[in-house]
Amino acid sequence: MPLRSTEHGWGALVRAFHWLVAALIVAQGVIGLSMVQMDLTPAKVRVFALHKSIGMTILALVLLRIAWRLTERRPADPPAMPHWQRQAAHALHLALYVLILALPLSGWWFNSAANAPLVWFGWLDLPSLTGGLDPVWKPRALLLHQTLFWVLAALLVGHVGAALWHHFGQRDDVLRRMAVGSGKPNREVRP
Amino acid sequence: MKRSIWLCTALLLGCAAPALAQTWQVDAAHSTLGFTNTYQNVEYTGQFHRFDAKIVYDPNDLAQAKFDVSVDIASLDTRNSERDHTALDADFFDASKFPRAHFATTDFRKAVDGTVVADGELTLRGVAKPVALAVTFTPHGDTATLDVTAQVNRLDFGIGAGQWADPSMIGNGVTVHGHLLLRKADP
Chain A
1 MPLRSTEHGW GALVRAFHWL VAALIVAQGV IGLSMVQMDL TPAKVRVFAL HKSIGMTILA
61 LVLLRIAWRL TERRPADPPA MPHWQRQAAH ALHLALYVLI LALPLSGWWF NSAANAPLVW
121 FGWLDLPSLT GGLDPVWKPR ALLLHQTLFW VLAALLVGHV GAALWHHFGQ RDDVLRRMAV
181 GSGKPNREVR P
Chain B
192 MKRSIWLCTA LLLGCAAPAL AQTWQVDAAH STLGFTNTYQ NVEYTGQFHR FDAKIVYDPN
252 DLAQAKFDVS VDIASLDTRN SERDHTALDA DFFDASKFPR AHFATTDFRK AVDGTVVADG
312 ELTLRGVAKP VALAVTFTPH GDTATLDVTA QVNRLDFGIG AGQWADPSMI GNGVTVHGHL
372 LLRKADP
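Note that the protein sequences, when read in sequence, are chains A and B. Take the first sequence: its position 143, counting from 1, is numbered 143 in this note's numbering, and each next residue is one higher. Counting from 1 along the second sequence, just add 191 to a position and that's the residue number in this note's numbering.
Source of the hints: derived by calculation from the structure; they are not laboratory data. All C-beta atoms in this analysis are idealised placements derived from N, C-alpha and C, irrespective of residue type, glycine included. Don't take every hint at face value.
As the list claims (entries may be wrong) - Covered stretches of chain B (chain A as the covering partner; in silico rule of three or more C-beta atoms under 8 Å from a C-beta of chain A):
#	segment
1	223-232
2	260-273
3	349-357
What the hints assert, rightly or not - Chain B residues, not near chain A, derived (Cβ > 10 Å throughout):
#	residue
4	Val217
5	Arg300
6	Ala323
7	His368
Chain B on its own, in the form it takes in the complex:
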């Protein structure tokens, strides 16, 4: 009985204490960064197998939250070797000139429906544009899953501009979705 009172008190104190910014490590083996687009009006999905993400996030302390993601463009995989090869060419990602994409948050806010939105800047193919992420964070003790979704337009970043701009050939709208398994980093 006494034990459980102490436990309750400890838990209450824990909740009441000011939340410290929580730093997370990404479990790369269980995390994916992918996207959905259309080619000849048929939906296909792709992934970037290699990316680094620095995640600081506590749902109760959005002011301290920060995502910083760097993506190895050459790790692109759309399950079609010809398409992947072409996508790295100068007309598209131009991976030899711009080997990495970068996204960093600038602000987190709660939308009216209660969902969390992270505003940030995506630098892709040398072009920086504001991009908003819809954030879903689900804690499970020492681990958590973080799902983010964003809408970007490939032509905003000059990917496949010129002769490949026709959206019936390659869709302009791209839905990016990240699914990250996070583990609490040692303090």
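Isolated chain A (complex conformation):
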């Protein structure tokens, strides 16, 4: 599998970004929904710190991913795909990018407005976005973070559903060309 994407399939780096970020997003959803139910103990504080650290990791990975995507082409859509489906797919992908950027940013904003610490895996102290407590924006940032999560969850249902529909319904290579390991090799391989 080439590092760069080709006309026929995604490159190794895009696939790695995709599945790594996907796994971290699922972990974030599970951690985020569980941690708010916990009683206040040091364990809860550590789980919150983990949630923040993973969120900042996703933010960094998505920024790198976008930067990389800007340097290369994307594989062509399956020829049989009608125009509206292409438009819908591209709009959904754009919305996903916006959301996976907006979720960590809104979390960072909420954390800043709440004047809570943000130390990436106990190692890198990240600055506040609000310069300390901001009682006016704190509840709004939290509401935004929670709302964006549910919007992302709904879009991911659509994203996964569409991928499975392509694979099992249309029997095209849309899912396979993002797969890791078992995906069929790209037909066009650059030297």
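Place chain B on chain A using the hints.
Just chain B now, with coordinates in the frame of chain A:
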């Protein structure tokens, strides 16, 4: 000329006269009692907005000096409402059982470098421990500023003991600093 001679004489007499213990009133609007600690190894600061301080102090008469400070624990503010709420719980300050902290000096002394140190006893969360304050007093006529700094360990007073004792979660060492604007009290 005559006037200035009288003035000089008066000033000299004033300096030579035995200093009377000076009682000061604290200008609460321009005074702060705060502290610095760490949470998840990140420094944060907090304040107690309400405290009463009785200050008797003359830098030339340390034998008569006396500080007596009472702090309303519930006035704690670390600019984080969740943290402030938790800090008043039984695991930490236990403010419903111990609503006030108290500090009273027992002795003032000059350290070898000339700085003034006030020894005293801090009663916090029902535990009394000796605490030393570094004292910086700067007179400005009828007013003065008094800056005090002390090092205390929260675990000495049982604040956040047990499951919260881990200093990488909440630092044990706390630097307390008071900045008081004093006005001469009417004699």
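Three-residue Cβ test at 8 Å for the coverage of the segment 223-232 of chain B by chain A: holds (count 3)
Claimed clearance of chain A by Val217 (chain B), with the beta carbon kept past 10 Å: It holds; Val217 (chain B) is separated from chain A by about 26 Å at its closest Cβ, greater than 10 Å.
Given as non-interface: Ala323 (chain B), partner chain A, CB spacing beyond 10 Å: holds, 30 Å
Whether His368 (chain B) stays farther than 10 Å from all C-beta atoms of chain A, as the label says: holds, 19 Å
Minimum Cβ-Cβ distance from Arg300 (chain B) to chain A exceeds 10 Å: holds, 39 Å
Given coverage of the segment 349-357 of chain B by chain A, tested with a Cβ cutoff of 8 Å and a minimum of 3 residues: holds (count 3)
Within 8 Å of chain A's CB atoms, at least three CB atoms from the segment 260-273 of chain B: coverage verdict: Coverage by chain A holds for the segment 260-273 of chain B (5 residues, Cβ < 8 Å).
When each numbered hint is compared with the structure, no violation occurs for any of them.
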